[in-house]
Every structure is written in C-alpha cells, then in structure tokens.
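Engineer: So you can see what is in the structure, the chains are spelled out below.
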Amino acid sequence: MRISDVSSAFTLTNQLQNIKGQQTRLQEQLLSGKSVNRLEDNPSVANSVLGSQAAREKLVQMNDNSKLANNISQAGIDALDHVREVNKLAMSIAESEDTAGYVASASNLDTLIQDVLATANTKYGDDYLFAGTASGSLTPPFSFDEESGQYVYNGSGDGRSFEVSGGVSLSPFASSGDNQAILDTLNSLVSLRDAMSAGDVDAIAAATDSLQTADDAILDTSSDLGMVQYRLEILDNRNAAKYSVYDNAEENATNADENETTVALLASQNAYSAALQSSSMILQTSILDYI
Amino acid sequence: MAGLMGDLIGSTQALTNHASSLNVIGRNLSNINNASYARQIVTTESYGGPGGAIYTRSQTTSARDSILDRQVSAEASITGALEEQQNFYSQLNNVMSEQLNGSMGASLETAQAQGVGITGALSSMFNSWSSLSASPNSYGAKSEVFNNADELVSRLNDASAAIDEVASVQNERLDQNLDEANALLKKIATLNGNIVRMEARQSGSSSALKDERQSSLEKLSSLMDFQTRNLPDGSVTLSLRDTLDAEGQTVPGLALVQGGAWGTLSAEQGSPLTLVDDVLVTENGLPPEEDENYVAPGLRLSFGEDTVAFSTSSGSLSVLDPANTQAVLTQMRDKLDALAGQLISSVNAAYQEGGNGDFFSGTTAADIALAVQDAASISAAGLDDPQGGNSVATAVAALSGNRFDPDAEPPLDPDTGLPMDVPQDLFRGTFLDFASGIATDAASRLGATSDALDQQEQMESLVRNNRDNISGVSTDEEMTDLLRAQNAYQASARVVNVLNTLLELVTTRLGA
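From first to last, the protein sequence lines are chains U and C.
Here my numbering is used: the first residue of the first sequence is 5, the next is one more, and so on.
Here my numbering is used: the first residue of the second sequence is 196, the next is one more, and so on.
These are calculated hints, taken from the structure and not from any lab test.
Any given hint might turn out to be false.
[What the hints assert, rightly or not] In silico contact screen, one side only, chain C against chain U (beta carbon under 10 Å); selected entries:
1. 303
2. 311
3. 319
4. 321
5. 331
6. 333
7. 388
8. 391
9. 392
10. 393
11. 572
12. 576
13. 593
14. 595
15. 599
16. 667
Beta carbons: idealized from backbone N, C-alpha and C, even for Gly.
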C-alpha cells in the first residue's frame, strides 16, 4: 500500500489534534471536578441540573422564609411572655395590697398598662406582631378609646401565612382570637386599676379573674407560637434533607471521577508523546539519507 | 536491422524519455505538500520503426481516480454542512445564556442562590415574590422583586435580540457563501475552457489545470450539493441534482456550469408573513399558497434565461438556506415568545386580582417590559386588602410551580357555570421546565452536531487518505524513481557514446 507524504503529515496532525482536544477536555474536568461543564456536554443531564438548580434556589428562599417566620414567632413569644410577667405582677399587687393600699397601687398599674400596651404594639421589622392582616397599618393595633374608656383593637383577621417549604404555608403571627386575649388583658388591667382606685374589693376580684382568663389565653397563644416553631424546625430539616438530595444527585450526575480522569489524562499524555516520538522517528529517517 | 543511425535515434529518444521522467519526478517532489495535486506518472511504450528499429515513446498522466474524487467531494459536502450547522447551533446555544453553576454550597445553611440565564432569572424573580409574601411591607423585598423582574425582562429582551443577531449573522454568512460559490462556478467554467483548449492541442497536457479544477470542485462541494458529468473533451458539467416530478418522471437539474458558461446563485428572504388568528398570511391577507405574489424564502439558481428555486441536501448552503434558517429561528422565537407571553398574562392575572394594574407590559420576548414604575409601587396585596396582606405576592410566587397546559379546559365561572373566557396556555409544563427545555434543546442540537462532525471529519479523513494513497506523492517512491531514471539516463548516454565511437570508426577509418 502506498503511503503519500502529505497523508502521513495529515494523519499525524489529525492524531495530535485529537489527543490534544482529549487532553484539554480531561484537564477541564480535573480543574472543575465535573464531567458536564456546559449544556452541550450532556444536554439531558444539563436539563436536570438546571431543574435541580432552580429547586435548590427555591429551597434557599424557603429557608430564608422559614428563618423569618421563626424570628417573628420568637418575637411574638417574647412579647407574650412579657405580657404574662406583667399580668403576674398586677395580680400579685391586687392580692397583696390591703384595702388602704389599693388606691396608692392603682398608679403602679397605670405603668403596667402602658408597658403591656407598648408590648402589644410591638413591631418586627415593618410588621405589628399582633395586628392580624393589618400588620402594615399606620395605626397601632391597640389604642385607647376615650369615649368608652376602654382599649380597642384596630387589627383584623389572622396574621398572614407564607410558604416555608414546598407547598407548606404557615403563619408565624398570633391568630385573631389570640390578639383578642391581649385586648382582654389590657381592658382587665384597666378594670383592675379602676377597681383598686375605688377600693372595690368585689370589682378587684372580678377584674383579677378576668385577667387570669386572659392570661390563660395568652399562654395558649404562646404555646401555639411555640408549636409553629416546632413545625418550622421539622420543615427546616426536611428542606435541608431535600437540598442535600438535590446536591448529591447533581454531584453524582456531573462529577468527574478524579482517579479515572487522572488515569485517562496520563494515558492521553502518553499517547501524545508516543505519537510525537514514533512519527519523528519515521519522518526523520528518509531514503534521502542513503542517497 | 536498424543500423547504427537507427540505434542512435532510438537512444536519443530514450534520453528524451528519461529526461521527461526526471522532469515529472521533479514536479512531483515540488508538489509533495500540495494536497490537491495528483502525482504524475510517465509511462513508456515501444513501437516499431523503419528497418525493424524498436523505438520508445513516453506519456505523462495524472494518477487521479474520479470515483475517489467524487467520494471526497461528497464527504466534503457533508462536512461543510455539519461545520455550518455547528456554528449555527453554537450561536443558538448562547441565546438563552444558560450556564451550569456548579455547587451553590454544601448545605442549605451556607447555600447562595446564583441565578444565571433565563431559568436563573425566572427562579430569582419568583423567589423574590415568595420573599415579598413573607415581608409584604418591606421596601427591601419590593425592591428585590422589582430588580429581579427587571433582570428577567432584560434577559428576555436580550434573548430576542440575540435571535435577531443570529439571523443577521446567518444572512451575512449566506452572502459570503453565495459569493464564494459564484466565484468558484466562474473559475470552474474558465478552467473548463482552458482545459478543452489544451487537451485539443496535446492530450494529457492539462493535468495542472485539472488539479486546480478538482480543488475548486471540492471547495464548491463544501458549500453545496451538485452532480458532475465528465465530458470527453476534458470539461466537466455541473448541475443541480435530478428530481422526480409528480408523475415520477426524472426532471434534469439545471446546469451550474456547462462548458465555459456558468450560472449564478442567489437567495431570497421571502415575503413577510404575519400570524392572524393562528394562521400565517401574506401581506395581502391570504395563505401563502393562495397568493400569487407571495415569494417563498430559499435559494435560487439562474443559468441563461432560466431561474429555479432549489434546495441543497448538503454543504454549508443547506444550513444557510433562508428557508431552513428562518424555520429554526422562528421555532426558537415562538418558544421564547410563548414563555414571555405566558409570563405576562399569568403574572398580570395574579397581580390584577386585588385590583392592581398590570405588572408586565408587552406581548413577546422582544417587547416585554415592567408596567410598574418603581419598587415602591409594587403591591403584595390587593388595593382593598389591609396593609400586611400578601395574597397577590403569594399568588404570583405560586406561579413558579404552576403547570400550564394548552389543552386544558377553561375553568367554569362560579356564577354562570359556563366556561370562562381566559387566554389559552401557551405551552405545557412549568415556566422553568419550558425555559430549560428551550436552552437544552439548542444545546442538544449542538452536542449532536458536534458528535456528528467529529465522526464526519474522521470519515472525510479516511476517504482523503484513500485518495492520497493513490494520488499523493511519496518521497520514497519518487527518490527510487529518480535513481532509476538517473541510471537509465546514464546507460542511454553511454549507449549514445558507444554508438558515436562506432560511427566515428566507420566514418574515419573506412575513409582512410
């Protein structure tokens, strides 16, 4: 079989270019640690990777939402704990004072009422914690109505819920009924103060009972918010597990086996050297040397 | 008996023949690296002269195999098409600007979202709506929605502009390829004329011109498909492939080159078509097949008085043919427009629920824009909802997981019980599925074409090697021939020298 010089040169060039291309691909795989670096490397894997990226980005967002929900519910629990502490203090004042001291202690209750009012109108970020759907309203949820001499609730409905895990939404805010318990606390404190100012023992007892009922409701609210945190913890674990599943699946689909790639690169380097060496040996020796 | 003079003439001819061999060997060696050169061979034959003398004469021929030449042309044509296709799909692959990000972080706690391309922008926008649903009164969350939606709009606009750019680049390449093809047709026709003239003077004298013509034919093959016919006068006729008419009769393809005449290739971008009620119509409002003024996009060949529309099955022009380019680009643009159109209608429908206006304006990827003026004007809830509501933000965020279906029945109106007049879905699946499908479809075409091109290059290399094994120049062979010719020349010269001595003996001694 005749072998022309021009085809020998082309064959060598093609062979070297193929090996060089192979080396570049293997080097890229070793550098990135991935066997699929571009969409066209493996479109079907790339499609699932794009889907997996979007799913993981959503999980990151769900994790952010969950953290926010956790912080809001914790702020609610802290506020409610404070209201309960004030309640206890108010009830202990009512129980400890004798009839003569009631009038003097009534002014202390004024301070406690203002304390509860400030706590009930607490904000987390831009939201009133206990305003229901009116959390972004300019008017605080609890205010004093001069006409009735009672505190009134300006909020409405349950606090908003939002997605914290795929398809799962929950509200980290107190419910409408829970917010009513805070209003009851405020008005019970007002009744207690007024009863103490008047030295009316029966009214004091009635106000104390009412305060105790409101306090029990607040305890339930605090417990509900604690349950929300517990649910969030479970959902966070689920989100983290799902993230790991996506991450592992993507790694398994795209990661280059380091050992295998290194061996393939070494084999390719050897083939490159062998191609160069053998070709130079063949091309160097010519009939011209013997003429 | 020929006698001394006859032998002297025969030896002189032998010297001429050997010198001719040396001349051919020299020419072969000087073209050793010329891939389009077919090595030349000197063949010598004997014939009887007057008085029984045996004389020799030599003829130079090219070692060219027309079957292998056609095989190389055919493979070059396929390679040309695949190279152009790879270039085209590579441009399409960049339209969506999608990238594989790599790891976002080992765990959810440390992960960072890093949206890239249109899928990343879609994901980021819907996630920011989810963030707004959690913090509906936060200006930061509204700003995030505004910026991410603006980024998505930019990417869709950019993708649409990128398709226009691909169309523009393809048209430029089409013009370049047509110019090149027309120049080659002219060159082949000119070479035909020169070959015919030289062959008429001396048979086999046009080898160099035939090499040049073959090189031009191979270049033309990489541009388009054609059929050739070698004529006895040395010229070659090029024509479009024969076709079959409706009755199964063969219709000869119009000539590209005939003797010294050549045709001219051109392209027609076609009359504009518009979509009216899901039907493509011409400027006259008629379906293309019913409008006699409609001009279809495609390639044209003019030869003499004739002009025909044609398509080529291989060569780069098969990809650059406006009919094909427009079909692929229209398909991609339709998908991108469907994505943008569904985004506009779905997000606007959810955003308008609470009495808000539009969130997006426009109808396609080219003209989609933000209808809201700034971040502050974004509402997470309906206008009548209390501040702190998040119904709108939740509804928009939920669209990311919504599965659209063009065949779905419209929902029933709760008041009338009749199907509601809602726009039909424009694609099947979720936004992200559809967007990543557009991107990976282009990538898939590019990957398949690159693989096919790798295989085709090997195939072409194999066929070229086969041809080179017959037509290419080998140093070893030529150097051996050189020694042989040199020795033969020396031997013939020595015979002439001996004959000269004998003649001298005859003329000087016999006369003394």
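Engineer: If a hint holds in the structure, say so; if it doesn't, say that too.
Structural biologist: Tested hints:
A hinted interface residue such as residue 303 of chain C counts as satisfied when its beta carbon comes closer than 10 Å to some beta carbon of chain U; here the least separation is about 4 Å, so the hint holds. A least Cβ separation of about 8 Å between residue 311 of chain C and chain U falls short of the 10 Å threshold, and the interface hint therefore holds. Taking 10 Å as the C-beta cut-off, the interface hint given for residue 319 of chain C holds, the closest approach to chain U being about 7 Å. Evaluation of the residue 321 of chain C hint against chain U yields a held restraint, the C-beta minimum of about 8 Å falling below 10 Å.
Hint on residue 331 of chain C holds. Least Cβ distance to chain U is approximately 7 Å, under the 10 Å limit. A cut of 10 Å between beta carbons decides the hint on residue 333 of chain C: the least distance to chain U is about 5 Å, and the hint holds. Contact between residue 388 of chain C and chain U, as hinted, is not supported at the beta carbon level, the nearest pair being about 29 Å apart and thus beyond 10 Å. Taken as an interface hint, residue 391 of chain C does not check out: its beta carbon lies about 29 Å from the nearest beta carbon of chain U, beyond 10 Å.
Restraint check, residue 392 of chain C versus chain U: the minimum CB separation of about 30 Å is more than 10 Å; hint violated. Proximity of residue 393 of chain C to chain U is violated relative to the hint, the smallest CB-CB distance being about 25 Å (cut-off 10 Å). At a threshold of 10 Å, the smallest CB-CB gap from residue 572 of chain C to chain U is about 15 Å, leaving the interface hint violated. This hint holds: residue 576 of chain C has a C-beta 8 Å from the nearest C-beta of chain U, less than the 10 Å allowed.
At about 8 Å, the closest approach between the beta carbon of residue 593 of chain C and any beta carbon in chain U falls short of 10 Å, and the interface hint on this residue holds. The interface hint given for residue 595 of chain C holds, since its Cβ lies 7 Å from the closest Cβ of chain U, which is under the 10 Å cut-off. Given the 10 Å rule on beta carbons, the hint for residue 599 of chain C is violated: about 16 Å separates it from the nearest Cβ of chain U. With a least beta-carbon distance of about 2 Å to chain U, the hint placing residue 667 of chain C at the interface is held under the 10 Å criterion.
The structure fails hints 7, 8, 9, 10, 11 and 15 (numbered hints given earlier, in ascending order).
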